[in-house]
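Number of protein chains: 2
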Amino acid sequence: MIDLKKVEDVVDKLANIEKICFVGCGASMSDLYPAFQLVKEKGNKISSRIFTANEFNYSVPSNIDDKTLVIIASLGGNTRESVAAIAVAKGKKATVVTITATAGSGLTKGADYVLYHGFHENYAAKTHKMQTALYLVVGVLEKFDGYTDAADFKDGLLKIDDLIIEGVKPLDKVAKKFAESIKNEPLIYVLSSGATYGTAYSTANFLFMEMQWLPAIVMNSGEYFHGPFELTEKNVPYLLFMNEGSTRHLDARALEFLQRFQAKYYVLDAKDFGIGNVIAKSVVNYFNPLILTGAMRVYAEKLSIARNHPLTSRRYMWKLENY
Amino acid sequence: MIDLKKVEDVVDKLANIEKICFVGCGASMSDLYPAFQLVKEKGNKISSRIFTANEFNYSVPSNIDDKTLVIIASLGGNTRESVAAIAVAKGKKATVVTITATAGSGLTKGADYVLYHGFHENYAAKTHKMQTALYLVVGVLEKFDGYTDAADFKDGLLKIDDLIIEGVKPLDKVAKKFAESIKNEPLIYVLSSGATYGTAYSTANFLFMEMQWLPAIVMNSGEYFHGPFELTEKNVPYLLFMNEGSTRHLDARALEFLQRFQAKYYVLDAKDFGIGNVIAKSVVNYFNPLILTGAMRVYAEKLSIARNHPLTSRRYMWKLENY
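Line by line, the protein sequences are chains A and B.
Just so it is clear: in the first sequence, position 195 is 195 by the UniProt record's numbering, and no numbers are missing.
Just so it is clear: in the second sequence, position 114 is 114 by the UniProt record's numbering, and no numbers are missing.
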């Protein structure tokens, strides 16, 4: 479980927040997506913006100021562009909270507050960066913006790790089947909606493209119907993350289409993990990406075995000067 | 040229706007992206959110109210999800402006104001939906939010159509070469940044995937370096839209990487169209997608000829009940 008290301590110290900016790169930007989406949908006066770090650094929004909270995340804490964003935000007098797994890293320097999270301990820990960002903005919305579902949220966070850890246990067989079936495909499509769009983005861009060198196309389940569904054919592979909650209709409509045209589809459905029995309806939208990210990790591991390509293999990242 | 006066007349009638939501589907959502980005970067108190229509309809943000301007676009004006968004927004007391090319269509009913634009007249007209949305929010920002670059913006809009029409004239040969070279590729990557990300998204999802049945992966030029660049290899095809203005560094860095690893890259560079000589620096970021969208249309037409696949061919869209 994440250290809820440490997040609450940061919220206690914050003053006068009217705007939130989420800044990160790659998988860390995706991990901020559920919190971005929560503020986008539930913020009253508080606004929500998300940036890949270098777009924030080179095209700094004009209204970053002392009423702005900038939340910056990086797992290793040394992503150059994200570290640079601290100085950009502080230069505009924003309050900066960084989220990282790594003590002493670049992201721990120059920020107003640093929140640490685990990552390697278990499948639930893969979502602790997301959980930390979510609980931070829940606190901010409650303190400054009249948000009334914070208790439901906290209750959910007390339960979600067990739900993930128990939920992934029976996945080995189905994930292995997915991996064997998909291992020689030249391309896969990934669909989801709502807060889980970030998980779909992350799965396509980082689990598949970065870590498996497997081209992947991500799209919102709603957008699918406005053009890209033209590529749906028999046996073309699709991975669909289905949400419990308000955008389920979009995902279910996509599933129906994939079935109708006999695509080779794989579904990870938050409902299969019993999320609706454990998490309050008022906040369930934002717990979908947590359970689905944990589950997807099993699928990615099985894929890496089936393709004989470890998730840590890179040809460029960390190996080239300046990249 | 778009009818600036008609847009100004709508702005004159608006009162008390604090938030702007952009709602559309597919290519029409992309056409709203530059205006979304302008408000995101230059809004002072006014916030900016963008939605695919069904995500807006099924997961309605809690703070849509009588201080919210909802801008909804659809070329043909009968996209079911976008038409439904009018009632959703009006149900929450928002002011609704719709943008469409089609008199009498669903999008012209129930909105507070309707703005019409051309599309088929010439290459500049392909950007008139974008221009209308941009000029509308420029007016809103100036009237309610202290925006000071409206005169530069209007000056740019008076010049941009000629820049597009003259700029596309010499493209036939290079676009044909692109088309011949790319016509048998199984997949293409599309990169850009800033306001032009919407054009990259639109090119990948609609010109390539919907209208050419050619799989395409879109990404922000900044995000490229945080994982997906692992797939860059000799002769893998990339289309890069380069911007004049504040995010040019992100695009140029991507170009350098594509050159270094001998990808089969194609560049559409806003600088080649002389945009920097004609458009004021204060607003040039938001004119890049206009010139690049106009230019890309020529490339798409040549591609459709090379692949013997008209841009109007569909297998599902408009042909299935309920889709």
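Worth double-checking, as some hints may not be accurate.
No distinction is drawn between identical chains; accordingly, a pair holds when it is met within one copy or between any pair of copies.
Claimed, not checked - Straight line, CA to CA, 25 Å or less: simulated BS3-like cross-link-like pairs of lysine-lysine: (1) K319 / K234; (2) K264 / K319; (3) K177 / K90; (4) K143 / K45; (5) K13 / K67; (6) K45 / K90; (7) K45 / K92; (8) K90 / K169; (9) K319 / K93; (10) K45 / K67.
Hints listed in this document are in silico derivations from the structure and should not be mistaken for laboratory results.
The structure displayed is predicted, hence computed values, not measured ones.
Against the structure, the hints come out as follows:
1. For a Cα distance limit of 25 Å, the shortest separation of K319 from K234 across copies, 18 Å, qualifies, whereas the shortest one inside one copy, 40 Å, does not.
2. In this homomeric assembly, K264 and K319 come within 25 Å of each other (Cα to Cα) only across copies, at 23 Å, whereas the closest approach inside a single copy is 36 Å.
3. For a Cα distance limit of 25 Å, the shortest separation of K177 from K90 qualifies neither inside one copy, at 49 Å, nor across copies, at 48 Å.
4. For a Cα distance limit of 25 Å, the shortest separation of K143 from K45 qualifies both inside one copy, at 12 Å, and across copies, at 20 Å.
5. When the C-alpha separation of K13 and K67 is checked against a cutoff of 25 Å, the pair qualifies only within one copy, where the shortest distance is 14 Å, while the shortest distance between copies is 31 Å.
6. Taking the shortest Cα distances, K45 and K90 sit within 25 Å of each other both inside one copy (23 Å) and across copies (20 Å).
7. Taking CA atoms no more than 25 Å apart as the test, K45 paired with K92 passes in both settings, with 21 Å inside one copy and 16 Å between copies.
8. For the homomeric pair K90 and K169, neither the shortest alpha-carbon distance inside one copy (44 Å) nor that between copies (47 Å) is at most 25 Å.
9. In the homo-oligomer, the alpha carbons of K319 and K93 never lie at most 25 Å apart, since the shortest distance is 35 Å inside one protomer and 54 Å across protomers.
10. Taking identical chains as interchangeable, the C-alpha atoms of K45 and K67 lie at most 25 Å apart whether they share a chain (12 Å) or sit on different chains (11 Å).
Against the hints set out earlier in the document, violations occur for numbers 3, 8 and 9.
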